[in-house]
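Student: Using the hints, position chain B against chain A.
Protein chains in written order, with our numbering: chain A, 19 to 85; chain B, 19 to 258.
Note that these hints are calculated values from the structure, not bench results.
Note that the structure is a prediction, hence the values are computed from the model and not measured.
For each residue, glycine too, the CB sits at the ideal point set by N, CA and C.
One should not assume that every hint holds.
Each computed SDA-like pair below joins lysine to any residue, with the alpha-carbon atoms no more than 25 Å apart [unchecked claim]:
{"no.": "1", "chain 1": "A", "residue 1": "Lys29", "chain 2": "B", "residue 2": "Pro147"}
{"no.": "2", "chain 1": "A", "residue 1": "Lys52", "chain 2": "B", "residue 2": "Val164"}
{"no.": "3", "chain 1": "B", "residue 1": "Lys223", "chain 2": "B", "residue 2": "Ile67"}
{"no.": "4", "chain 1": "B", "residue 1": "Lys22", "chain 2": "B", "residue 2": "Ser40"}
{"no.": "5", "chain 1": "B", "residue 1": "Lys229", "chain 2": "B", "residue 2": "Pro147"}
{"no.": "6", "chain 1": "B", "residue 1": "Lys229", "chain 2": "B", "residue 2": "Thr131"}
{"no.": "7", "chain 1": "A", "residue 1": "Lys52", "chain 2": "B", "residue 2": "Ser230"}
{"no.": "8", "chain 1": "A", "residue 1": "Lys29", "chain 2": "B", "residue 2": "Phe43"}
{"no.": "9", "chain 1": "A", "residue 1": "Lys29", "chain 2": "B", "residue 2": "Val107"}
Derived list of chain B stretches under chain A, where covered just means 3 residues or more per stretch with a C-beta under 8 Å from a C-beta of chain A [said to hold, decoys possible]:
{"no.": "10", "region": "52-60"}
{"no.": "11", "region": "66-78"}
{"no.": "12", "region": "104-110"}
{"no.": "13", "region": "230-237"}
Per label pair, the in silico range of CB-to-CB distance [to be verified]:
{"no.": "14", "chain 1": "A", "residue 1": "Ala47", "chain 2": "B", "residue 2": "Arg157", "range": "30 to 40 Å"}
{"no.": "15", "chain 1": "A", "residue 1": "Arg55", "chain 2": "B", "residue 2": "Val126", "range": "35 to 45 Å"}
{"no.": "16", "chain 1": "A", "residue 1": "Arg70", "chain 2": "B", "residue 2": "Met19", "range": "23 to 33 Å"}
{"no.": "17", "chain 1": "B", "residue 1": "Val107", "chain 2": "A", "residue 2": "Ala64", "range": "33 to 43 Å"}
{"no.": "18", "chain 1": "B", "residue 1": "Lys236", "chain 2": "A", "residue 2": "Ser72", "range": "35 to 45 Å"}
{"no.": "19", "chain 1": "A", "residue 1": "Ala65", "chain 2": "B", "residue 2": "Leu175", "range": "50 to 60 Å"}
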Amino acid sequence: MPALPLDEAGKYVAGAYVVFVVLIVVYVAIMAAKLQRIERELRELAAFAEARASGDQAAGVREEVGA
Amino acid sequence: MYGKGLRQLSIATVAALAVSLSLVFFYAPLDADQGFIQKIFYLHVPLAIVALLGFIAGGVFAVAHLRSDEGRWDAYSYVSIHMSVIFGVAVLVTGSIWAKASWGHWWVWDEPTLVSFLIVFLMYATYYPFRYAIEDRDRQARYASVFAVTAGAFVPLNFMAVRLAESLVHPRVFATTGGGLPGSMMLTFLLSLTAIGLLWVTLVKFELTAKSASGQLKRLRRALDAPPAGGRPRVAPEVS
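So that you can see chain A by itself, here it is in the shape it has in the complex (with noise of 0.2 Å):
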């Protein structure tokens, strides 16, 4: 076949250019999300340590009055 004309071919090219950002995109927004989701596990987490560790003070100082 013969080359194809410059605003002919401009599409292809484009679209083919335009498929592999989309899909570098799409694959960027997959990470981000699952880095959101490691971010609020991780704080959920930090809390939970953080009142067990006050829980515990808690309880040492009513053994340590109970004594």
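Tutor: Structure of chain B alone, referenced to chain A:
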């Protein structure tokens, strides 16, 4: 551990992609036969080469996993194959666009290069259901490694078979006799290949870092769930 050097790698990847795209559109000459449509070559072929090398790398990491029984090699193998499957999707789509523009058809079934790549891609698409059909983690990793080694060995064999098929339809731009790329096109192609290779490595590292962080989080949850000495267990809140 996996995130080490990720920032520098990301910067290098973005720079390499910018340079290669500039060369593709402002430096490389127009192909005498195909004209502007040949610009897809600088994206499609590096993607295909990197995807196939990624599949082979997945097999090599799987061998390391089977020899050492270390979980990190299984992670490397899994992520290599995962990333190459994503790149494979890009190869098939960009190839179809190029085929439509060059040959007037989105897909040509009697072209060995296209069909063989599709076979390799579909073979690796079965990796996920195969892997996740097994519940036991150790068996899952072992069986997945065996799959990765077998499929990884098939990739170069498949490539050689296609080269031997001597098709007249698909262009052989790296042929040793006749044709071949002129210097400016070869330079652009090699830079594009480097940029796509760097992108693959960067995304693999991103994925490994995310997986590692997720794993560390599970370890932390298990440690917090464990009962304190002499106390009853307190379950950490589960986040969906």
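Student: Confirm or reject each hint.
Tutor: Hints, verified against the model:
{"no.": "1", "hint": "A/Lys29 <-> B/Pro147", "verdict": "violated, 37 Å"}
{"no.": "2", "hint": "A/Lys52 <-> B/Val164", "verdict": "violated, 29 Å"}
{"no.": "3", "hint": "B/Lys223 <-> B/Ile67", "verdict": "holds, 19 Å"}
{"no.": "4", "hint": "B/Lys22 <-> B/Ser40", "verdict": "violated, 29 Å"}
{"no.": "5", "hint": "B/Lys229 <-> B/Pro147", "verdict": "holds, 19 Å"}
{"no.": "6", "hint": "B/Lys229 <-> B/Thr131", "verdict": "violated, 34 Å"}
{"no.": "7", "hint": "A/Lys52 <-> B/Ser230", "verdict": "holds, 12 Å"}
{"no.": "8", "hint": "A/Lys29 <-> B/Phe43", "verdict": "holds, 14 Å"}
{"no.": "9", "hint": "A/Lys29 <-> B/Val107", "verdict": "holds, 20 Å"}
{"no.": "10", "hint": "52-60", "verdict": "holds (count 6)"}
{"no.": "11", "hint": "66-78", "verdict": "violated (count 0)"}
{"no.": "12", "hint": "104-110", "verdict": "holds (count 3)"}
{"no.": "13", "hint": "230-237", "verdict": "holds (count 3)"}
{"no.": "14", "hint": "A/Ala47 <-> B/Arg157: 30 to 40 Å", "verdict": "holds, 33 Å"}
{"no.": "15", "hint": "A/Arg55 <-> B/Val126: 35 to 45 Å", "verdict": "holds, 43 Å"}
{"no.": "16", "hint": "A/Arg70 <-> B/Met19: 23 to 33 Å", "verdict": "holds, 27 Å"}
{"no.": "17", "hint": "B/Val107 <-> A/Ala64: 33 to 43 Å", "verdict": "holds, 38 Å"}
{"no.": "18", "hint": "B/Lys236 <-> A/Ser72: 35 to 45 Å", "verdict": "violated, 24 Å"}
{"no.": "19", "hint": "A/Ala65 <-> B/Leu175: 50 to 60 Å", "verdict": "holds, 54 Å"}
Consistency with the previously given hints fails for numbers 1, 2, 4, 6, 11, 18, ordered from lowest to highest.
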